[in-house]
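Undergrad: Chain residues, written in single-letter form:
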Amino acid sequence: MVDLRTEIAGVALRNPTMLASGFLDETGGSMARVYKAGAGAVVTKSVGPVPREGYPNPTIVELDAGLLNAVGLPNPGVVEFEHEVKRAQAAGAVVIGSVYGKDADEYAAVAAKMSTYGVQAIELNLSCPHAKGLGTEIAQDEAAVRDFTREVKDVVDIPVFPKLSPNVQDIAKFAVAAEEGGADGIVAINTLKAMAITPELKMPSLANRFGGLSGPAIRPIGVRAVYDICEKVHIPVIGVGGVGSGRDALEYIMAGASAVQIGTSILSRGLGVFDQVVKEMASLLEEGGFRSVSEAIGVAHA
Amino acid sequence: MPRIQVVPLLEIVRETPTTTTYRFRADFGGKPGQFLMVWIPRYDELPMALSYLGGVKGITVRDYGDATHALAAFSAGDRIGIRGPYGNAFRLEGQTILAVGGGSGMASMIAAIEAFAQQGACVVTAVGAKTAEELLFVERANACGEMHIATDDGSRGSQGFVPPLADKLMERVSFDLVLTCGPEKMMKAIVDLAAKRDVPVQASLERYMKCGIGICDACALDDKLVCWDGPVFTGEELLASEEFGHWRRAKDGRRIPV
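Chains as they are written, first to last, in this note's numbering: chain A, 1 to 302; chain B, 303 to 560.
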């Protein structure tokens, strides 16, 4: 039997899959359901200081290559969100709280509040590609990534994982900046800035015009990002982008990720995707002669 | 993966002063109770039940906000975007059926009423609305079997809400199944009435949705999703629900009263 347990900055997971932020994670009931379906942890919807409705519809477009979204960070605000976190935890879920804000103070305040709910770690959404003034600009500025991470680190005593944008020239530099800011791990990648147009209507398909692309199309980009980041930092990395099978997950693991996040493939494989990815990983690892998932982390760098 | 289709409106029928049917051709199937995400270009994309199945499909929409108001000004030939059909459907099991509709809720249920009638079931429909002119699809329901009406102001049928009328009908006939769609407080009353008599019930719920395909979590009901597990839920599911009849989610995800 291959040991599938993994650990990221002291956060122990029963398996290396997590629910990616933005999917079925605005309510405690749904997060509990995803955890019961097999995820090793669930990352919450990105939560800010006050309630936010997000953008008008259409907010998602299904494409052959994946999913394009500009949902616009809807969330009930960090105060109301306590109830949802508690509800997920009551079902046994390992919860990682994703937070955003308009400046470092807001990030720190929301993270500090979130950390009192008993979440296992904080994910910093520094990279939403479509919410103006909320992370988009931060993701383009290495100094901001370092400073925001440090401000949050100063006010919480749980691990902090900045989530990085692929919409930059050299993502590894941003990972280094996050590490300098005291990050305990890196999450990569967020969605790629993208657009779809509906020719019959001569207009963009999203109300926000552009959005973020996720799903199979971005997997090779994510794998390359994780590989580059792992060459430059000494903290664990969580890989995200187009994971829909055990083989996909192993690409990220072998690039150096300690865990993977799954979101868009829920659409094609249902909530059973977590269990399936874990089973497929186990059998591939066994075939490869690995005794544990941790033995496979980063082997592609050899 | 299903993708959006842009279709011209073939026919627009004013059903009541506030409710309009839009017909269009679409090359996908669709079962009674399923819904589409309907894009009203430049305004919004909203979940809407299929009120007509078959080759020329239809949606029947109450004018209640900016987007539905904009849609009400559309003419034949104007185009909308549609994706779906999504969600589960009414399960067409039983011989003696009571359908209880309130207001525009009849739009979600009329295809099921017709499907039951077509397969030879005996269908009794109880329709409620604020006034006589707001009654929706009474002719279509009437063609499927017995029909009873309640209006808030008594302008047609019995005066009052539809649950007491449904209660009287259940008193009189032992139904195999109760279907319901309408305001949630009304559906809650119907689910409770059916439970009291041990009659199975299926209710079609309405929630704000962003995606319609089971990812955004906007339509969460306890640990279920109205778009994915519903919109049709059984009495057992609803009686076990903490939120049904009490809570829904605002656009920002906060729990607010129904």
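Treat the hints as calculated values from the structure; they're not laboratory data.
These figures come from a predicted structure and were not determined experimentally.
Even glycine gets a Cβ: it sits at the ideal position worked out from N, Cα and C.
Among the clues, some could well be false.
Interface residues of chain A toward chain B, partial, derived using beta-carbon atoms under 10 Å [stated by the list, open to error]:
1) Ser30
2) Arg33
3) Pro49
4) Arg52
5) Asn75
6) Glu80
7) Phe81
8) Asn167
9) Leu192
10) Met195
11) Asn208
Undergrad: Tell me the numbers of any earlier hints that the structure contravenes, in ascending order.
TA: 3, 8, 9, 10, 11
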